[in-house]
Amino acid sequence: MVLSYGGSKRICGLFCILIILNIPVNLDFSFFYCHGETKRRFHVIILMNTIHYIKAEASMSDLDQREGGKARQFGRRRRGDEKEQVRRLIVETAGELFVELGYNAFSMRKLAERLQYSPATLYLYFRDKDALLFTIVDEALLIFRNRLTQASEGISDPWARLERLGETYLAFGLQHPAYYQLMFTWRIDYLLGSRQEEELPRIHVLQVLVDVVAEAMEQGAMQSGDPGVYSDYLWATMHGIVTLAIQMPMFDEARVGQLAAHTREMIRAALKKS
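Numbering-wise (the UniProt record's numbering), the sequence shown opens with residue 1 and increments by one.
Don't read these hints as lab results, they were simulated from the structure. A portion of the hints provided could be inaccurate.
25 Å max Cα-Cα, derived DSS-like pairs, lysine-lysine [as the list claims (entries may be wrong)]:
1. LYS110 with LYS83
2. LYS110 with LYS129
3. LYS129 with LYS83
Have a look at the derived ranges for each label pair, beta carbon to beta carbon [stated by the list, open to error]:
4. GLU265 with GLN219: 48 to 56 Å
5. TRP235 with GLU113: 34 to 42 Å
6. TYR123 with LYS273: 54 to 62 Å
Computed from a prediction, not measured in an experiment: that's the story for all the values here. Just so you know, even glycine gets a beta-carbon here, dropped at the ideal spot from N, CA and C.
Required output: the full structure, derived from the provided sequences and hints.
Shown next, in the form of structure tokens:
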């Protein structure tokens with residue numbers, strides 16, 4: 001068969017379609033008889049179409065890999081988010097159950113029943129109840145310390161800073177009564193005898209209060225004295241109010257607010273430098 005240039009293009013198009021459809025093709029053109037120039041053009045067209053097809057396949061493969069990588073990355077991120085949500089639920093529920101049952105009566109099995117999880121699931125996150133309790137207290141103290149630090153920033157007047165610290169302290173205790181009791185009414189260091197001293201929760205959580213008291217003395221706004229002793233006095237006062245609010249039903253929101261306001265006035269009258 002003698003092919004013209006136009007005919008050779010049509011034949012090339014047919015072969016390219018067969019290749020794209022993944023139909024085996026025997027590229028033996030000895031059946032055709034082409035003039036020299038036509039034959040050369042025929043081969044060039046076959047070559048160019050084949051190169052174009054290979055490039056297209058490579059581009060699609062690269063796109064599939066990129067999209068697949070994004071999907072895997074999204075899947076890992078989603079699984080990580082779900083795992084953190086489960087962990088937070090375990091920590092929050094365990095805090096409430098520790099306060100409700102006490103340390104000795106608490107068990108991972110009872111926590112699993114409360115959460116409707118299998119006990120094995122809990123052990124994927126925490127080794128035992130000591131590790132769980134330590135985590136609860138440690139994380140709660142860190143959050144509490146950060147809130148106190150943020151509350152004291154951006155205020156120049158020392159008494160206004162102390163007032164803001166008191167408000168933040170009271171708000172945290174009332175919003176998180178279970179955490180507060182584990183932080184400040186349980187002796188975690190006694191319960192967790194297996195822990196090393198350096199691993200104990202952050203006992204310097206109220207250092208920000210000591211610093212504010214010291215600055216008030218330096219500025220002449222507060223009577224001179226030991227900042228640590230004065231801070232303990234302020235801490236004991238706020239702790240008493242929060243504990244009454246948590247444990248005594250008669251101390252409702254209105255009564256607690258009134259008590260806190262009178263306490264601020266009495267502290268200022270007692271400690272302000274005349």
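Right, here's what the structure says about each hint:
Our distance criterion of 25 Å between C-alpha atoms is met by LYS110 and LYS83, whose separation comes to about 21 Å. Proposed proximity of LYS110 and LYS129 is supported: the alpha carbons are some 11 Å apart, at most 25 Å. Between the alpha carbons of LYS129 and LYS83 the distance comes to roughly 19 Å, so the proposed pair stays at or under 25 Å and holds. Hint check: GLU265 to GLN219, Cβ distance near 20 Å, so the stated range 48 to 56 Å is violated.
Between TRP235 and GLU113 the Cβ separation comes to about 37 Å, which falls inside the hinted range of 34 to 42 Å. Between TYR123 and LYS273 the beta carbon distance is about 57 Å. The supplied range of 54 to 62 Å therefore holds.
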